[in-house]
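Student: Line by line, the protein sequences are chains H and P.
Add 3 to a position in the first sequence, counting from 1, and you land on the number used in the working numbering.
Add 1039 to a position in the second sequence, counting from 1, and you land on the number used in the working numbering.
Calculated from the structure, these hints are not laboratory results.
Please note that the accuracy of each hint is not assured.
[Unchecked claim] One side of the interface only, derived from the structure: several residues of chain P facing chain H at Cβ under 10 Å:
1. T1089
2. F1123
3. L1140
4. F1154
[As the list claims (entries may be wrong)] Pair by pair, the computed Cβ-Cβ distance ranges are:
5. P:D1179 - H:G20: 20 to 28 Å
6. H:L160 - P:I1156: 26 to 34 Å
7. P:Q1104 - H:V142: 29 to 37 Å
Since we're looking at a predicted model, the values are computed, not measured.
Note that the Cβ used here is the ideal one computed from N, Cα and C, for glycine as well.
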Amino acid sequence: MNTDRVSEKRWLRPLTGWLCLLAILILPAFVLKSLYMLYLASLTCIYIISATGLNLILGYAGQISLAQAAFMGIGAYSVGIFAVKCSFWLALALGAIIAFVLGLGLGYPSLKVKHHYLAMVTLGFNIIVYLVLMNEQEVTGGPYGIFNIARPKVGPLDFTSDAGYHVLIAVTTVLTLFVAYWILNSQWGRAFKGIRENEIRAEMLGVNLRNYKLMAFAIGSAFAGIAGGLLAPLLGYIDPTIFNLGFSFYFLLMVIVGGSGRFEGPFIGAIIVTILPEVMRVAERLYFVLFSLSAILILIFMPKGLTTVWDWLFKKVAGREAPQLTK
Amino acid sequence: MKLLETTGLKKYFYELPALNGVEVHVEKGELLGLIGPNGSGKTTFFDCVTGVLRSSGGKVFFKGQEITHLKPDAIYKMGIGRTFQLVELFPQMTVLDNMLLGIQESQGTMFGRLFKIKENGNRKKALDLLEFLRISPLKDEYARNLSYGQQKLLDLGMVLMSDPELILLDEPIAGVNRSLVREIIDHVQELNEKRGCTFVIIEHDMPVVMNLCERIIVLDYGEKIAEGGPKEIQNNERVIKAYFGG
């Protein structure tokens, strides 16, 4: 009886945590009156998904990738092209699957090259995807892109309104975060960290580098595919310029500013990188300079990202180290 | 019973021979010493056996099965564990996680590992081993915060997690505080006597090697120059010449 109660409580705490997170992410749909602010909230959720995928590749498995925007493009174009032919959900799943498979392919160079060489390979992949989207006009619409990407309806549930679509994005964000949390708390998470910390030693303890590296790339890319698939109906229009190289650097910034290798890092990073430029718009033409300067200062004074502030505050208040959300 | 056997093992770095036709066999349950001056090929021998380096020639057999070109992860899963001259840990992981990584890949399938969250059995085993190595109070400490001697013990503990049949120790007491040296030696002896672990030990501390090992192999310039009991090795002229010149 007692054991049952204990195990019941063990489930209750994380469940409450996840429900609270869901409530926080859904809240803007009900409280924000400004459509632009709601759009920013939706965009932040989408960025959280993609940045969490990159964090899995970079922060946990220690492999650099500058192709997150390309995988978002693949997800977005899958929805843009296939949602009218089948359903939004199938198109979203297809985008994630295509990104997963291409992520596997992109993971192969990571078995041979490392660090900045790998960054160059993934950067090249981003450019290739951009060029394909730009030049395969019959399929992708080329530089004109794809218009009127509809938002989905599921029976009586209508996600076509801005608030309704935000709810859908928030629920998907929580679901994908839960998947990431599950993976990182399983033995895979430990193997990923082992590869990041000491690749040779990990291999000497039986970790199959090929399988784990490929899976990190594939899963991280699939997350970007889902994020892209959600982005297309949010914007209603997509073209190749959205998914350029600069967009990939944007996700790199989110992961590093938030805290690479920390589960909550991309969450914080995505919020800061999306909201900060908006706050700084008061500085008019100087806003981008100020934003870049802020990012530089954060990286100089908090090389482990903004999670440092959270850790410091937690220690100050609770008198002990902040708990790690993953292994 | 021969646990490990190498036949004509060669490793060349460009034109330079690091191993030149080395023939070694390790009997089950023995404590074998592998000594030689710096640059004689001892660590290269370990690297070739464990798959870190691809050998240039010759063959490696473990329990009669050829493992010459297998990858390090496959060799570890077959039952050969190894520690390093300079400790190789996962500094930003806790001591307990370092230990658990030492066993998880030897169990089940990769897909199955995705659903292993609790690991109660492995956790108990890790805690027992940490207790045995007398570093259990440090279980939640990051590996980077341990002293060098404690890191050496953790290095050994990680390997012991998967119960390997053969353990290759590369200078296990180098740079370790004298008080910890005795402890490490005691652990090795206890593991050998009580658990039947087979060891090959590279070590420069001659009194330790002579007291600990029943049989010793001496390498020089990548070649085996002597093999025998401690007394025999101490009086071997080629060994004396290799160490003291002349």
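Student: Against this structure, judge whether each hint is valid.
Tutor: Checked hints:
With 10 Å as the threshold, the beta carbon of T1089 of chain P comes within range of chain H, its nearest partner Cβ sitting at about 7 Å, so the hint holds. Here the hint on F1123 of chain P is kept, as its CB sits about 8 Å from the closest CB of chain H, short of 10 Å. Given hint, L1140 of chain P at the interface with chain H, holds; its Cβ is 5 Å from that chain's nearest Cβ, closer than 10 Å. Annotation: interface hint on F1154 of chain P holds; nearest CB of chain H at approximately 7 Å, less than 10 Å.
Look at D1179 of chain P against G20 of chain H: about 22 Å separates their beta carbons, and that is inside 20 to 28 Å. The hinted range of 26 to 34 Å is satisfied by L160 of chain H and I1156 of chain P, whose Cβ atoms lie roughly 33 Å apart. The hinted range of 29 to 37 Å is not satisfied by Q1104 of chain P and V142 of chain H, whose Cβ atoms lie roughly 52 Å apart.
Checked against the numbered hints given earlier, this structure breaks only hint 7.
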